[in-house]
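Colleague: Fit chain B to the given chain A structure using the hints.
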Amino acid sequence: MIDLEIVVANLPLYVRGTWTTLWLTFASLALGLVVAVPLGLARTSRNPLINYPVWLYTYFFRGTPLLVQLFMIYYGAGQFAFVRESSLWPLFSQAWFCALLAFTLNTAAYTAEIVRGAILATPVGEIEAARALGMSRRLVLRRIVLPSAFRRALPAYGNEMIFMLHGSAVASTVTIVDLTAAARIVNSRYYSPYEAFLTAALFYMALTFAIVGLVKLLERRWHAHLRPLAP
Amino acid sequence: MLDLQGYGPSILEGAVLTLRAALAGLLLSILFGLLGALAKLSSSVPLRVLAGAYTTLIRGVPDLVLMLLVFFGGQMLVNDLTARMGWEHVDVGPFAAGVLTLGFIYGAYMAETFRGAILAVPAGQLEAARAFGMGPFLVLRRILLPQMLRHALPGVGNNWLVLLKATALLSVIGLDDMVRKAALAAGATRQPFTFYFAVALVFLALTTVSTLLLAAAERWARRGEARPA
Numbered sequence: 001m002i003d004l005e006i007v008v009a010n011l012p013l014y015v016r017g018t019w020t021t022l023w024l025t026f027a028s029l030a031l032g033l034v035v036a037v038p039l040g041l042a043r044t045s046r047n048p049l050i051n052y053p054v055w056l057y058t059y060f061f062r063g064t065p066l067l068v069q070l071f072m073i074y075y076g077a078g079q080f081a082f083v084r085e086s087s088l089w090p091l092f093s094q095a096w097f098c099a100l101l102a103f104t105l106n107t108a109a110y111t112a113e114i115v116r117g118a119i120l121a122t123p124v125g126e127i128e129a130a131r132a133l134g135m136s137r138r139l140v141l142r143r144i145v146l147p148s149a150f151r152r153a154l155p156a157y158g159n160e161m162i163f164m165l166h167g168s169a170v171a172s173t174v175t176i177v178d179l180t181a182a183a184r185i186v187n188s189r190y191y192s193p194y195e196a197f198l199t200a201a202l203f204y205m206a207l208t209f210a211i212v213g214l215v216k217l218l219e220r221r222w223h224a225h226l227r228p229l230a231p
Numbered sequence: 001m002l003d004l005q006g007y008g009p010s011i012l013e014g015a016v017l018t019l020r021a022a023l024a025g026l027l028l029s030i031l032f033g034l035l036g037a038l039a040k041l042s043s044s045v046p047l048r049v050l051a052g053a054y055t056t057l058i059r060g061v062p063d064l065v066l067m068l069l070v071f072f073g074g075q076m077l078v079n080d081l082t083a084r085m086g087w088e089h090v091d092v093g094p095f096a097a098g099v100l101t102l103g104f105i106y107g108a109y110m111a112e113t114f115r116g117a118i119l120a121v122p123a124g125q126l127e128a129a130r131a132f133g134m135g136p137f138l139v140l141r142r143i144l145l146p147q148m149l150r151h152a153l154p155g156v157g158n159n160w161l162v163l164l165k166a167t168a169l170l171s172v173i174g175l176d177d178m179v180r181k182a183a184l185a186a187g188a189t190r191q192p193f194t195f196y197f198a199v200a201l202v203f204l205a206l207t208t209v210s211t212l213l214l215a216a217a218e219r220w221a222r223r224g225e226a227r228p229a
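So the protein sequences, as listed, match chains A and B. If you count the first sequence from 1, position 150 lands on 150 in this note's numbering, and the numbers rise without skipping. If you count the second sequence from 1, position 217 lands on 217 in this note's numbering, and the numbers rise without skipping.
Isolated chain A (complex conformation) (with noise of 0.2 Å):
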């Protein structure tokens, strides 16, 4: 029933199509980190001018489709003069630019709240030992609670990580060749969705437990005092 020559012929599109879903995840991820720490602080702020904002960010982010904020960047920015007069144009009028800020955008703000929560997770009793012990504002961040947030937030950062190589999927729609287009490229060709889709879902799940196997690994190192000892 299932054609693998249509598969082996195809082996070079898929693995293509692997390398752009992988580079427009991390790259996206990796961006998303760098602003989702301060965001997420920022969300733990009491000052509603600080505070407010980034909620409003996070919430229209989580609260809407990836599909949704995709089509508002690609098609959308063009309807916009001073972006399309701006430097920037050539940029927006790229697919893997447009998915990748989009995909950014989202990552940042579902990581924001992970963040948010991990920090409000420390024991006060922690940051008042090192305010006692004289460290600054800036020092009992760097030194108390971001360490303990990031060991707390792995668990859940790692899901984020699932559901953004999941989520990449839908750069497909935008002329992107990664993984799920090159699925649909093979089916059109050939009329097959069997062995097209059922080869893009076998290595969507080879990434999935690949990154599964990452974070259990990075659990085993940062979470090695809350394991309970070898018998």
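Honestly, the hints are just simulated from the structure, not real lab data. Any given hint might turn out to be false.
Claimed, not checked - Facing chain A, a subset of chain B residues (Cβ under 8 Å, in silico):
1) Gly60
2) Leu169
3) Val179
Heads up, the beta-carbon is just placed ideally off N, CA and C, and yes, glycines get one too.
Modeller: What follows is chain B alone, placed relative to chain A:
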């Protein structure tokens, strides 16, 4: 504020279809989820392996890929079946394929949620009910389901929010939902941002209402719990 140039009713029509697909998907996913959870907790090894494979495999693949697989592959399967049986041609259509896929995918997530919720109900209560002579279905209806609801609601709520946003993907397989209506309006008026932003706002409204309703439902489900004074 947003000038929809007469396309408002069309977008709203799409929104109704989006909501219908999402609700149908939710019902189906709850059904798949309950079956999956019961299979995962059953004493039969083949059932446990099957349910384990279902939840692990589905959660490893993007929903868009599964949707395309069911839409194109499902149509082929139906074509083969109707040809073999000598029936008339049946068109699966994006609504049926979409709802089926949504239910199937989120059923895997629901199964994990329900499994945890079932385990949170003390085993002694189920044993006591059995000892009173209740049959397995009566135990399910009177003891297990009402009590697991409380533990399952937060997870079900999260899954619903993800499912609702995933319905936007149905436009990719040709469902005439809100996103597609917006694409048509965007093409005619050359104002894509306006229309996709309007769609985003409708989704935002739907997720907001859902969050409020879920919070109320959770409070209701927890009404029997002791509150700290």
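Colleague: Now tell me, hint by hint, if it's right for this structure.
Modeller: Hints, verified against the model:
Against a cut-off of 8 Å between C-beta atoms, the interface hint on B:Gly60 holds, since the closest Cβ of chain A lies about 4 Å away. The beta carbon of B:Leu169 comes within 6 Å of a beta carbon in chain A, closer than 8 Å, and the hint placing it at the interface holds. Interface restraint check: B:Val179 against chain A, minimum CB-CB distance 6 Å, threshold 8 Å, status holds.
In summary, this structure violates none of the numbered hints.
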